[in-house]
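Participant: Starting from the known structure of chain X, arrange chain C on it as the hints suggest.
Line by line, the protein sequences are chains X and C. So the first sequence is numbered by our numbering: it starts at 1474 and just counts up by one. So the second sequence is numbered by our numbering: it starts at 268 and just counts up by one.
Not the full set, but computed from the structure, chain X residues with beta-carbon under 7 Å of chain C:
| id | residue |
| --- | --- |
| 1 | F1489 |
| 2 | E1499 |
| 3 | I1504 |
| 4 | K1532 |
| 5 | A1573 |
To spell it out: a stretch of chain X is covered by chain C in this simulated footprint if at least three of its residues, at any positions, have a beta carbon under 8 Å from a beta carbon of chain C; those stretches are:
| id | stretch |
| --- | --- |
| 6 | 1514-1527 |
| 7 | 1539-1547 |
| 8 | 1552-1566 |
| 9 | 1574-1583 |
If you're looking for bench data, these hints aren't it; they were derived computationally from the structure. Just so it is clear, CB atoms sit at the ideal spot from N, CA and C, and this is done for glycine as well.
Here's the letter readout for the chains.
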Amino acid sequence: MSHEHVSNTKRIWFVFILLSVVTTVEVFLGILKPQSLHLNHFLGMNLLNWIFYILTIFKAYYIIWAFMHMEGEKGSLRWAVVSSVIFLVLYLLFILLIEADYIFEVFKNSTIKWNF
Amino acid sequence: MESTVTTANSEEKTWQGGNEPMEASYGKLMMWFFIVSDALTFSGFLASYGFSRFKFIETWPLADEVFTHFPFLHGVSAPMYYVALMTFILIFSSVTMVLAVDAGHHMNKTKVTFYMFLTIIGGLIFVGSQAWEWKNFIKGEYGAIETKGGSLLQFVDKEGHRVKLEEFAATLPEERERLERKKGYWFLEEASLPTYSVAEVQAGFKAHPDLLIRTEVIYNDDAVSKKDTKINHQLTKVKHKTILTRTESELRLSQASLVIEGANLHHNEYGTKLFADFFFFITGFHGFHVFSGVIINCIIFFNVLVGTYEKRKSYEMVEKVGLYWHFVDLVWVFVFTVFYLV
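Pulled out of the complex, with its shape left as it was, chain X reads as follows:
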């Protein structure tokens, strides 16, 4: 944390407005589901979901950096927390989602059926 103890009320309200605007955008996109975004895919995921995930990471960044005051911490603490979580989460998602997609293919294309 910063040791000079300056008041950063202004920044807090700015981040609040930012997070609110982003959430509003997400909700409106989620309700409208514009066809152009929903039906076009990039790297196997539709553009709408890409937008949702990017905005989620954006919000997470501001919550951690501004609210949890990560921006005032020392580099060693920042790296210790953020890099370990990001690495482990990406790894977990990678193995689990690939495996799940494989199981989906097995159910779909082979003689095994789960639902009939």
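Facilitator: Below, chain C without anything else, positioned relative to chain X:
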């Protein structure tokens, strides 16, 4: 005082104890440790949700058809508005928390008290909203049929709008009493019975020739499904659930085995069985975090009131619970995206 707030900071001998190599106190570092491990726990849950969803990618329920309730708006379909409101409440209680921490840096007891109080209120409103959301989810709205093979059948009218079981189910002169312990042996009992029996739903369906069946399968307009004669192509839309023709609907309904109303851990009227399990488990675990957060906030709030931190000359405890509270908000951001948006 030394045990809760470390102030020593010698220049030399960085790794020999008695100082803070990361310039964060012991308590704060331990909170970060906890947050990292808890973040990995939640990641595990959300990743396993992703696993199940990818496994059943063609039949997973569509969130904007499941969460459509808003208080005092009965029968109005308001997808996601309520959960958006909940998100705002949680973000706002995060803001009041960070304002309390900020006031603590200035040793302003009145302001810390005020903002901590607002944070607790926000947390309580959020937990209450979640309970209401659960209530609607468990109660259900339309009802559905489960077939012998385990797939789920829902009912729509000729415009493709959902139809409730009570709107068409027939009343047959049959009686089926619920088996309770007092009526048989002590180990014999069954869950509460649905309002209608399978035969009543089937009879009602026969009597209403306009009704059609909607399956769990999400329709993709590829060459194979375009030629599929079992699908009602006028009503089925791309990336929506598949609606069957009347002949096929009757055939499917003849294989019915259970009437499903609402949701529990074994069955739910929304789609894949795992969907309800994950909903209960992940939002429940998050709700439990919010609840414990409220309790911890209350403890700190009373400590602020009696002036513990004033005497300690440091409001660092507020900062530590603040970290936890923001983390709960952070988790909700991800749960919101994964459960309600994507």
